[in-house]
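J.: What follows is the residue order along each chain.
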Amino acid sequence: MLTVQALHLWRGDRHVLRGVSFTLDAGNCALLTGRNGAGKTTLLRAIAGLLEPEEGQVLWRGEPARKTRDTFHTQLAYLGHEPALKGDLTGRENLRYSVGIRRPVIAAEIDAALTRTGAVEFADRQVRTLSAGQRRRIALAGVLLANATLWLLDEPTTNLDANGQQLVAEIAAEHLARQGLIVAAVHHSLPLPPDQVVDIELAA
Amino acid sequence: MKSDEYTVAWLVARRDLRLAFRKPSQLIQPLMFFMIVATLFPLTLTPELSRLRDAAPGVLWVGALLSSLLALEFLFREDAQDGTLEQFALSGQSLTWMLFAKTCTHWLLTGVPLAISAPLAAGALGVPLSAMPALVAALLLGSFAMSLTGSISAGLTLGARRGGVLLSLLTLPLAVPILVFGANATQRAITGDDIAPPMYMLGAIAVLGATLAPLAAAAAVRIGLE
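Which chain is which? The protein sequence lines are A and B, in order. Heads up: the first sequence is residues 1 to 204, going by the numbering used here. Heads up: the second sequence is residues 1001 to 1226, going by the numbering used here.
Bear in mind the hints are in silico, worked out from the structure with no lab data behind them. Among the clues, some could well be false.
With a straight-line cut-off of 25 Å between C-alpha atoms, the simulated DMTMM-like cross-links for lysine to aspartate or glutamate are [claimed, not checked]:
id : chain 1 : residue 1 : chain 2 : residue 2
1  : B       : K1023     : A       : D124
2  : B       : K1002     : A       : E54
3  : B       : K1002     : A       : D13
4  : A       : K67       : B       : E1226
5  : A       : K67       : A       : D88
6  : A       : K67       : B       : E1005
7  : B       : K1002     : A       : D111
8  : B       : K1023     : A       : D88
9  : B       : K1002     : A       : E121
10 : B       : K1002     : A       : E109
11 : A       : K67       : B       : D1004
12 : B       : K1023     : B       : D1082
13 : B       : K1023     : A       : E82
Taking the hints into account, I'd like the entire structure generated from these sequences.
T.: Written out as structure tokens, the structure reads:
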């Protein structure tokens, strides 16, 4: 469903992505590995369409993602380095706005997602009073609520405790079981069924 | 199912309004700046009302322009830093429309309070009461146009390290017509002339800005996110 064709991308005068290609079918997960600066985040942002590659293209359901950008984006959830939460709003308010912009959402759905990611007990506190791990859990609830087919996760387990890392693996496995796709940049491999995982090592 | 455009605009606006009321200092700062500039002039120039009245349009409009430049800094910066703009760009909704909603909210929070409180400062400059409604109307239109043109520069300077100076440099040339017609409208209101011609021009600039500026701002923000 997702095809990345020979992506080349420069950041300034650095040739970061040197012909990255892979194909991902429904229900599969691509794990991007590589040392710091190898271009994991760059590749995720290029797939999302935030960066324009100098060469190559991203195909979604056989069509160039750039041409069908808005449709592609409604089927995509991106979890970046920054959890994109407002410190002065509570977790619940943050989700109500950020998810509501994408699709109509009711309070019960938000509650269910927050419960799933173990964030419900601190969802009514202002986000700036929360720890980095707690913010991550709220951001993960946002990914669940996006109702997206393709998840792009940038270091999803950062700042999470052992329990939280387990949670990420569970949520990811459930998403794959729903025929979803995941592209994740990781330092530690996620415990997922091996036949559903494509390993991609980036070297720059 | 996607949220419709009006819901999107409403949510963007509501979020910004709520954030603004939780952190009011950011809003009060540009307004305070305007009031201080406008009220310091009578102290330094001359206490002669007729001469102050001559300087009033210039003082009020330059003050409003500088205050709007100050406020523009807050338009996109925070959202760019915390990843909110990125999520806007990836939401599958029109970025143009979302930024238009953001800019209108920004004007509601900075331009409108400035226009409404301008008669206080104008009074100190010897502007007659009869000119006040025209002054408020001109400032409402003018600040709306300034917010819109400023949104382009704010988008363009997202990627720059020290965007503040660049932001002012980029916005000033675009804001000059607004300044000229705005000050002229105020001048005519004070002398009791017909204010329609400069007001029509201000209106035209505001409409042009509302039509084109969000498109340019969205393109600029997409570049800024790279």
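J.: Holds or violated: B:K1002 and A:D111, Cα atoms, limit 25 Å.
T.: 20 Å, holds
J.: Decide if the proposed pair is consistent with the structure: A:K67 and B:E1005, CA atoms, cutoff 25 Å inclusive.
T.: 21 Å, holds
J.: Is B:K1023 within 25 Å of B:D1082, Cα to Cα?
T.: 16 Å, holds
J.: Mind checking the alpha carbons of B:K1002 and A:E121 for me, to see if they're no more than 25 Å apart?
T.: 29 Å, violated
J.: Are the Cα atoms of B:K1023 and A:D124 separated by 25 Å or less?
T.: 18 Å, holds
J.: Check the hint pairing B:K1002 with A:D13 against an upper bound of 25 Å on the C-alpha distance.
T.: Violated, at about 40 Å.
J.: Verify the proposed pairing of A:K67 with A:D88, using a straight-line Cα cut of 25 Å.
T.: Answer violated: A:K67 to A:D88 is near 36 Å, above 25 Å.
J.: If you draw a straight line from the CA of A:K67 to the CA of B:E1226, is it 25 Å or shorter?
T.: 18 Å, holds
J.: Hinted pair, alpha-carbon criterion (25 Å max): B:K1023, A:E82. Please report holds or violated.
T.: Between B:K1023 and A:E82 the Cα gap is close to 21 Å, so the pair holds against 25 Å.
J.: With a cut-off of 25 Å on the C-alpha distance, tell me whether A:K67 and B:D1004 pass.
T.: Holds. A:K67 to B:D1004 sits at ~21 Å (cutoff 25 Å).
J.: Measure nothing beyond the straight line between the CA atoms of B:K1002 and A:E54; if it is 25 Å or shorter, mark the hint as holding.
T.: Roughly 31 Å separates the two Cα atoms, so the pair is violated.
J.: Run the distance test for B:K1002 versus A:E109: straight-line Cα separation, threshold 25 Å.
T.: Judged against 25 Å, a Cα distance of about 16 Å means the pair holds.
This entry does not satisfy hints 2, 3, 5, 9, going by the numbered hints stated previously.
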